[in-house]
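Starting from the known structure of chain A, fit chain B onto it as the hints suggest.
Sequence order for the protein chains is A and B. Using UniProt numbering, the first residue of the first sequence is number 1, and each one after it goes up by one. Using UniProt numbering, the first residue of the second sequence is number 1, and each one after it goes up by one.
Keep in mind the hints are simulated off the structure, nothing from the lab. Take the hints with a grain of salt, since some may be wrong.
Label-pair distances were calculated between CB atoms; the ranges are [unchecked claim]:
1) Arg236(B) to Ser242(A): 21 to 31 Å
2) Ala111(B) to Glu140(A): 32 to 42 Å
3) Ile139(A) to Gln214(B): 28 to 38 Å
4) Asp216(B) to Asp144(A): 23 to 33 Å
5) Asp165(A) to Asp216(B): 44 to 54 Å
6) Lys68(B) to Asp233(A): 47 to 57 Å
7) Ser237(B) to Ser242(A): 35 to 45 Å
It should be emphasised that the depicted structure is a prediction, and the values quoted were computed from it without experimental measurement. Don't be surprised by glycine CBs; every beta carbon is placed ideally from N, CA and C.
2 protein chains.
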Amino acid sequence: MTYCVGMALKDGLMFMSDTRTNAGVDNISTYRKMVIWEVPGQLCLTLLSSGNLATTQAVISQLEERGKAHDDRNPDLLSAPSMFQAARIVAETLHEVVAAHETGGMKADSAFHATLILGGQIAGGPPRLFLIYPEGNFIETTEDSPFFQIGETKYGKPILVRAYDKDLSFEQAMRLLLVSFDSTMKANLGVAPPFDYHFYAADGLSRGRSGRIQGDDPYFNHISEAWGQALKDALRSLPEYSEG
Amino acid sequence: MTYCVGMALKDGLMFMSDTRTNAGVDNISTYRKMVIWEVPGQLCLTLLSSGNLATTQAVISQLEERGKAHDDRNPDLLSAPSMFQAARIVAETLHEVVAAHETGGMKADSAFHATLILGGQIAGGPPRLFLIYPEGNFIETTEDSPFFQIGETKYGKPILVRAYDKDLSFEQAMRLLLVSFDSTMKANLGVAPPFDYHFYAADGLSRGRSGRIQGDDPYFNHISEAWGQALKDALRSLPEYSEG
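Chain A extracted, bound-state conformation (with noise of 0.2 Å):
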């Protein structure tokens, strides 16, 4: 399993990523999920992934080796001219990637599906963020839907449904995304810190913020503790029930 989430505010896009996968509770790794490309000046790009591990893999090493041979057939990512088309880039290299794997004899019921999250910008244009499908097509955030989970969504869903606001700092977004994960992770072992975290600040066009939460952090813990306590506090803030 896996927790992504990608979020889009005033300020710039928020990412957070778990690096838990595993096969079976007796096979467990720590891989990283998230992947900055830049070109300083020229674009910005994250790309969060949930699913077959070998298959979101495969899709990050051929976008990055036509980077270095490309053509009309396999243009490159990192001159797109537009975050639609970077978008599109990576929605094809991941239909093919999932295409290649089930028509190889492999047929395994979906196994080799993956979900991508891709947020950035390129200059000349505005920071979108958009949720890919393994079959290769893909939607946007709008107003409504201003972000995206893949993997484990449950869990953490409703308190971003209660306190996302498109004017969240970067630090009160970290905090409602550390909340967020400790819930999924306090309920599913496929999601695991450290969790590594990007704030793109809009029209930067470089990385923004970005680092790593380890589990043991004292800030992440000290939020952990303190949710349940508030939360509890919460829930006796609301009257007892009565009838009529």
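Relative to the frame of chain A, chain B by itself:
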């Protein structure tokens, strides 16, 4: 989909169930998923059901018919000498119904499965609460796992995990469950009010406080609105992110 919760408390057993059944989002109905059997002074049992509606209705009908014409092979649920035996009777009936449908030439990938929560008390024993699987086996609550959820369990779980306390009163348990149900119905169209509830008071050996919360219930609506604000306030009460 469905959402049902059974909860073991110091003062008794608390049950709540939604009433939505659906075959696709374009085909929804309202069905009661809670059955209460009582023989005052002798026993009181509550059954919550999730899964194939034909299966759960067949299980309930068979259990009730056996009450009229039972023999050694088909013991009467209401004559069960203990809660463990009652759980066995329900589990065996469930397993038979599922197996009969699956071997009747209609193998539809677990489509006939159902999962049940059975709780109550039989004179001479304590209140007990069981989760019954379609395979016909079952587990019981313990101090570490004092409640069961069936159906769409993920959205409503974080608040249950954080705020459950065995000392909750009926009024407090209603508040907690309605928050958990509200989070679930906001995220999954397959879960919807009215919600049925039953609080079995320990050693009462008869039906306790029970009723139905409609979607326009004033208390429920107040809780639903106030919870969104309380969650935002709880999040704001935590410190914003700062490195180091």
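Next on the checklist: When the structure is checked against the list of hints, which entries are broken? Sort them ascending.
Outcome noted: Violated: hints 5 and 7.
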